[in-house]
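*Asks:* Knowing the structure of chain A, use the given hints to seat chain B on it.
Here's the letter readout for the chains.
2 protein chains.
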Amino acid sequence: MSSSTSSMVKDLDDFALNQQTVRQWSLPRLAAGCAAAGVRHVGLWREPVRAYGLRATARLLRQYGLSVSSLCRGGFLTAPGAAARTAALDENRAAVDEAAALGAGVLVIVAGGLPSGCRDLAAARRRVTDALAELVPYARAHGVRLAVEPLHPMYASDRCVVSTLCQALDIAEQFTADAVGVVVDTYHLWWDDTVAAQLARAGQGGRVALFQLADWVTPLPDGVLVGRGQLGDGCVDLRWFRHRVAAAGYRGPAEVEIFNSRLWSRDGGEVLAEVLNRYRRYVLAPRGVDDGPPTPPKSYKG
Amino acid sequence: MSSSTSSMVKDLDDFALNQQTVRQWSLPRLAAGCAAAGVRHVGLWREPVRAYGLRATARLLRQYGLSVSSLCRGGFLTAPGAAARTAALDENRAAVDEAAALGAGVLVIVAGGLPSGCRDLAAARRRVTDALAELVPYARAHGVRLAVEPLHPMYASDRCVVSTLCQALDIAEQFTADAVGVVVDTYHLWWDDTVAAQLARAGQGGRVALFQLADWVTPLPDGVLVGRGQLGDGCVDLRWFRHRVAAAGYRGPAEVEIFNSRLWSRDGGEVLAEVLNRYRRYVLAPRGVDDGPPTPPKSYKG
Chain A
489 MSSSTSSMVK DLDDFALNQQ TVRQWSLPRL AAGCAAAGVR HVGLWREPVR
539 AYGLRATARL LRQYGLSVSS LCRGGFLTAP GAAARTAALD ENRAAVDEAA
589 ALGAGVLVIV AGGLPSGCRD LAAARRRVTD ALAELVPYAR AHGVRLAVEP
639 LHPMYASDRC VVSTLCQALD IAEQFTADAV GVVVDTYHLW WDDTVAAQLA
689 RAGQGGRVAL FQLADWVTPL PDGVLVGRGQ LGDGCVDLRW FRHRVAAAGY
739 RGPAEVEIFN SRLWSRDGGE VLAEVLNRYR RYVLAPRGVD DGPPTPPKSY
789 KG
Chain B
489 MSSSTSSMVK DLDDFALNQQ TVRQWSLPRL AAGCAAAGVR HVGLWREPVR
539 AYGLRATARL LRQYGLSVSS LCRGGFLTAP GAAARTAALD ENRAAVDEAA
589 ALGAGVLVIV AGGLPSGCRD LAAARRRVTD ALAELVPYAR AHGVRLAVEP
639 LHPMYASDRC VVSTLCQALD IAEQFTADAV GVVVDTYHLW WDDTVAAQLA
689 RAGQGGRVAL FQLADWVTPL PDGVLVGRGQ LGDGCVDLRW FRHRVAAAGY
739 RGPAEVEIFN SRLWSRDGGE VLAEVLNRYR RYVLAPRGVD DGPPTPPKSY
789 KG
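Chains as they are written, first to last, in this note's numbering: chain A, 489 to 790; chain B, 489 to 790.
Keep in mind the hints are simulated off the structure, nothing from the lab. It cannot be assumed that every hint is accurate.
Pulled from the structure, derived: some chain A residues nowhere near chain B, Cβ distances all over 12 angstroms [claimed, not checked]:
#1 Gln507
#2 Arg511
#3 Glu535
#4 Arg547
#5 Leu548
#6 Gly591
#7 Pro625
#8 Gly757
To give an idea of the interface, some chain B residues facing chain A are shown, with a C-beta separation under 8 angstroms as derived from the structure [to be verified]:
#9 Leu602
#10 Arg607
#11 Pro641
#12 Ala644
#13 Ser645
#14 Trp679
#15 Trp704
#16 Pro707
#17 Leu708
#18 Gly711
#19 Val712
#20 Cys723
#21 Asp725
The calculated label-pair distances, taken between Cβ atoms and stated as ranges, are [stated by the list, open to error]:
#22 Arg517(A) with Gln512(B): 47 to 53 angstroms
#23 Ala575(A) with Ser749(B): 36 to 42 angstroms
#24 Asp501(A) with Gln512(B): 55 to 61 angstroms
#25 Pro707(A) with Ala524(B): 33 to 39 angstroms
Every residue gets a Cβ at the ideal spot worked out from N, C-alpha and C, and that includes glycine.
For reference, chain A alone in the conformation it holds in the complex (with noise of 0.2 angstroms):
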């Protein structure tokens, strides 16, 4: 390995690659190709995993000297009857144990959307911190720290009724930071201009548990799942969140999600290469002359 390649491999000590970007690739296929491009940290979906097996992808992470950044996810606690919550909170449990047995220490929390034909917006987020009560004990007990997520507020009715990172900290700070924390997600957060006075609250507190990347790129596709923007691509200040999260005592990876179903099209290789190549440019590169987007986006307005 040349001087050159070493020191590039190197800056991937802060990367990590969240599994659902190379969504074509297998497990299998994912470690080897982040071994092979120096990544040694990835963030992993409970399906995937389930599908080829708990031990079987614990082993195969060891195998390639990877970490786990972080399990996508348990959460969906808004549900009022009791039958579905008892459901819920047993399937939380069952996303801890899988977390701890992959040596996860973050299990991300999406909080789950309105129930059907609920208009009580407030409710349902207090179900939830009345839920996370009930799992604290349990995830503490096998070592993984709860991730609330907030998610972009055009997920609220069907996915998250947590959409700012200031309803984020209200929860998590019901209970201790070594117990809940939160997710920054640029995806999510971007266009919140009250998000650099939490991000101060949330390093007060040390409650930033995962950081994770994304661009916001329109059109937005039918559905708005799948259209997240490759890094660079969108509007997105990611230096900027980067240096936020790092002032606010995170110290762990930077994890790259981007549900893209373009970049699902192509070989996983290439667009993990891809996003290396954008993550060095946008990411961890001070901010220069070449620092436009690398194509003109056609939807904005002049």
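*Replies:* Using the frame of chain A, we list chain B on its own:
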């Protein structure tokens, strides 16, 4: 007219139909259709008014006894260059002229998105305030109130950098309340847990210039522009908003503005009748047992 019909029509004194809700209707059909249904206020858009003719539109409105609750829209004030800024200001003065000619006391201001290649939301927001400072004397001289509309955060990059009622009030409060107010649109604000406090703030300052209604339904369509929900089809507590804007001192009509391609494919008269039915049931009527959505939303997670 029976006394029952008369009372049914009287409860429309505080109702306005934005013409985008029945985009399939020409202006003459809109005017005749509203008058036949007992609707007395309409919200108009500049493009169809200009296509029909400004004077012809004003004549049509007089003929049918209709008043204009709002004209949409001015704004798009975020461009940084001098030439683009001058052009935008000229365009907004023309919009003020048109509002005055129609007797519309309120011109809706949609701020505009991020300029191409720009990642500085704060700077774009400052340019909106700076441009309004130039427009306010002109609008005031013409008896037109500028109404800053916060749009849902999913439009922050390509349409409107003002995403919350708090931000809209921060801008409006740079000017006197008679000159600059805000738009409260349920579709854009329903998810925000600070909206109650911000509506109270708007009330103290007399800042609510316009109240618009649409419901929130998912899945969102490609481009997220034409999937707003018919009243009652979604998860917004419309009644709550009506009470809060009234408590905030708003005395204008509740203007229903639904961008929905399915509504546009139907007969306009049928759509208006449905809107009025839903308005009575989900906005005017006291909360009751018959308060659930008329059709169960399919995409909510239980």
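*Asks:* Taking the hints in turn, state whether each one holds.
*Replies:* Hints, one by one, checked against the model:
1. No Cβ of chain B comes within 12 angstroms of the Cβ of Gln507(A); the nearest lies about 22 angstroms off, and the non-interface call holds.
2. Residue placement check: Arg511(A) keeps its beta carbon more than 12 angstroms from all beta carbons of chain B (closest about 20 angstroms).
3. Annotated as non-interface, Glu535(A) keeps its C-beta farther than 12 angstroms from every C-beta of chain B; the closest such distance is 16 angstroms.
4. The beta carbon of Arg547(A) is kept farther than 12 angstroms from every beta carbon of chain B, the shortest such distance being approximately 33 angstroms.
5. Every beta carbon of chain B lies more than 12 angstroms from that of Leu548(A), the smallest distance being close to 31 angstroms; the non-interface claim holds.
6. A cut-off of 12 angstroms between C-beta atoms confirms that Gly591(A) is not in contact with chain B; the least separation is 29 angstroms.
7. Residue placement check: Pro625(A) keeps its beta carbon more than 12 angstroms from all beta carbons of chain B (closest about 26 angstroms).
8. The claim that Gly757(A) lies off the interface holds: its Cβ sits roughly 29 angstroms from the closest Cβ of chain B, which is beyond the 12 angstroms cut-off.
9. Hint status for Leu602(B) relative to chain A: holds, with the closest Cβ pair at about 5 angstroms, below 8 angstroms.
10. Given hint, Arg607(B) at the interface with chain A, holds; its Cβ is 4 angstroms from that chain's nearest Cβ, closer than 8 angstroms.
11. With a least beta-carbon distance of about 4 angstroms to chain A, the hint placing Pro641(B) at the interface is held under the 8 angstroms criterion.
12. The criterion of a C-beta within 8 angstroms of any C-beta in chain A is met by Ala644(B), whose closest approach is roughly 4 angstroms, and the hint holds.
13. Because the smallest distance between the Cβ of Ser645(B) and any Cβ of chain A comes to about 5 angstroms, under 8 angstroms, the interface hint for this residue holds.
14. Because the closest C-beta pair between Trp679(B) and chain A is about 4 angstroms apart, less than 8 angstroms, the hint holds.
15. For Trp704(B), the suggested interface contact is upheld, since its CB lies about 6 angstroms from the closest CB of chain A, less than 8 angstroms.
16. Annotation: interface hint on Pro707(B) holds; nearest CB of chain A at approximately 5 angstroms, less than 8 angstroms.
17. Here the hint on Leu708(B) is kept, as its CB sits about 5 angstroms from the closest CB of chain A, short of 8 angstroms.
18. At its closest, the beta carbon of Gly711(B) sits 5 angstroms from a beta carbon of chain A; the interface hint therefore holds under the 8 angstroms criterion.
19. A cut of 8 angstroms between beta carbons decides the hint on Val712(B): the least distance to chain A is about 5 angstroms, and the hint holds.
20. For Cys723(B), the interface hint holds, the least distance from its beta-carbon to any beta-carbon of chain A being 5 angstroms, beneath 8 angstroms.
21. Hint status for Asp725(B) relative to chain A: holds, with the closest Cβ pair at about 4 angstroms, below 8 angstroms.
22. Distance hint check for Arg517(A) and Gln512(B): the Cβ-Cβ separation is about 51 angstroms, which falls inside the suggested range of 47 to 53 angstroms.
23. Evaluation of the 36 to 42 angstroms hint for Ala575(A) and Ser749(B) yields a pass: the beta carbon distance comes to about 37 angstroms.
24. Range check, Asp501(A) to Gln512(B): about 59 angstroms between beta-carbon atoms, so the 55 to 61 angstroms window is met.
25. Against the hinted window of 33 to 39 angstroms, the Cβ-Cβ separation of Pro707(A) and Ala524(B) comes to about 38 angstroms, which satisfies the hint.
This entry satisfies every hint, going by the numbered hints stated previously.
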